[in-house]
Amino acid sequence: MDIKAYIESGILELYVAGTLSEKENEEVYALMQKHPEVLQEVLEIEAAIVKLTASTSQRDSDHILQRIKQTLGFDGNKDTKVVSIAKPKYNWITYTGWAASIVLAAGLLWTVNQNKQLQSDVQIAETQQSLLETQIANSKNSLEDANVLISVLRDDNITKVPLAGQGNFASTFAKVYWDKDSDRIFLDAQGLPDPPEGKVYQVWSLTLTPLTPTSLGTIDSFTADANKIFEIKNANESEAFGITLEPAGGSESPTMDQLYTLGVVSAS
Amino acid sequence: MELDQLVEKLKQKDEKAFEKLYNMYSDSMLGVIYNIVRDHDIAQEVMQDVFIKAWHKADSYSSKKGRFFTWILNIARNAAIDKTRSKAFKNAKQNLNSDFFVDIIEGNENLDDKTDAIGIKKFVGKLAEKCKTVIELLYFKGYTQSEASEALDMPIGTIKTRNRNCIQELRNMVLN
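Top to bottom, those sequences are chains A and B. full-length UniProt numbering puts the first residue of the first sequence at 1, with every later residue one more than the last. full-length UniProt numbering puts the first residue of the second sequence at 1, with every later residue one more than the last.
Pulled out of the complex, with its shape left as it was, chain A reads as follows (with noise of 0.2 Å):
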């Protein structure tokens, strides 16, 4: 293609006047992007035109450009342009949303918390409930003992025995109360101090001729009974009884100067 004869063919001119075909202005495109020297003489033919209407304009059109920018929401009016598009964005439903979401969790926490002080309100009352059953079971075995007592103390066959104190311990007492037919004996040992740690009472039962003592056991409990009385197996002849302060454990013979209380059955 002749480029200088297609520019000198006055198509350009009416390229930048708008009246091509669009095949044409297509053309003219494509040459201006192959040839420098089309696209130059386009941009001056414009640049003149440009000049040319121009300078039938009588006014100064930077008014109009404000006006313009205003209506189309330009710069200073684009911040509150931003702000009525976010806006909606934030309408009743969400804040409804974020209440509901609040109260629902704040009644949550406000559950858990009840479920917590109800759980640790059940195992406090399950803690007396089972202190109550023990202190009923403890009545209980109280009870029986009593009546135990009761039917011993109202019974013919028993024999009684009041233990003196002896010696050094003078003051001290204790009663038995012999169940022959049942081989045993209750001790009633109110009248004796607490032993001393490391000591127990040995409770001996005695022949007197010759003296013989025989060991009836030691009372290892005696501190923590209550109400002192002892249920002890006796199977033998007793004629005298006698309970004597021993190393723990007891011994073999009776310590005789630790001897606490006496008492001789009387013959019947």
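Treat the hints with care, as some may be off.
Claimed, not checked - Cut-off 20 Å, straight-line C-alpha distance, at most; resulting in silico cross-link-like pairs (SDA-like, lysine to any residue):
#: 1; chain 1: B; residue 1: Lys-64; chain 2: A; residue 2: Leu-39
#: 2; chain 1: B; residue 1: Lys-64; chain 2: A; residue 2: Gln-66
#: 3; chain 1: A; residue 1: Lys-228; chain 2: A; residue 2: Pro-213
#: 4; chain 1: B; residue 1: Lys-53; chain 2: A; residue 2: Gln-66
#: 5; chain 1: B; residue 1: Lys-141; chain 2: B; residue 2: Lys-64
#: 6; chain 1: B; residue 1: Lys-64; chain 2: A; residue 2: Glu-22
#: 7; chain 1: B; residue 1: Lys-65; chain 2: A; residue 2: Thr-218
#: 8; chain 1: B; residue 1: Lys-20; chain 2: A; residue 2: Lys-228
#: 9; chain 1: B; residue 1: Lys-16; chain 2: A; residue 2: Leu-65
Since the hints were derived computationally from the structure, they do not count as laboratory data.
For this one, chain A is given, so just place chain B on it according to the hints.
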């Protein structure tokens, strides 16, 4: 190419690009519009519409279809011509001044403030009568080639070459 970038930014609704393009073409468009409506207030009104339309329709412009200047020139001419066809306009402007752009330029006192004003005035004064009409019809009025051919009673080929010669003269005046 700076113009291509500006147009690309305009399509992306860049306000600064819009302002730059406005400053490049607004005087030209106002001149074209005024030449058609011959009323300053109405011309400004149409101007506003033209550039608002350009902002919203920038997407539809493609450089393959023509120059950006030509695109906006078309919008301006069409908007101005539409205005002259409205009933309100016809009632207000019974007798439209039949002057050409040449008369406007020669009587334009505002021109003295602008660069190349002297060149332009010199040009239009010297411009051959045949050039005045061709330029008037093709650039200011937006006539097609065949419309111009009919109006001037001239073959299309002649109009093409004559127009080229007239624009060459103009270029010599205002660009060199």
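- Violations among the numbered hints: Hints 2, 3, 5, 7, 8 are the ones this structure does not satisfy, whereas the remaining hints hold.
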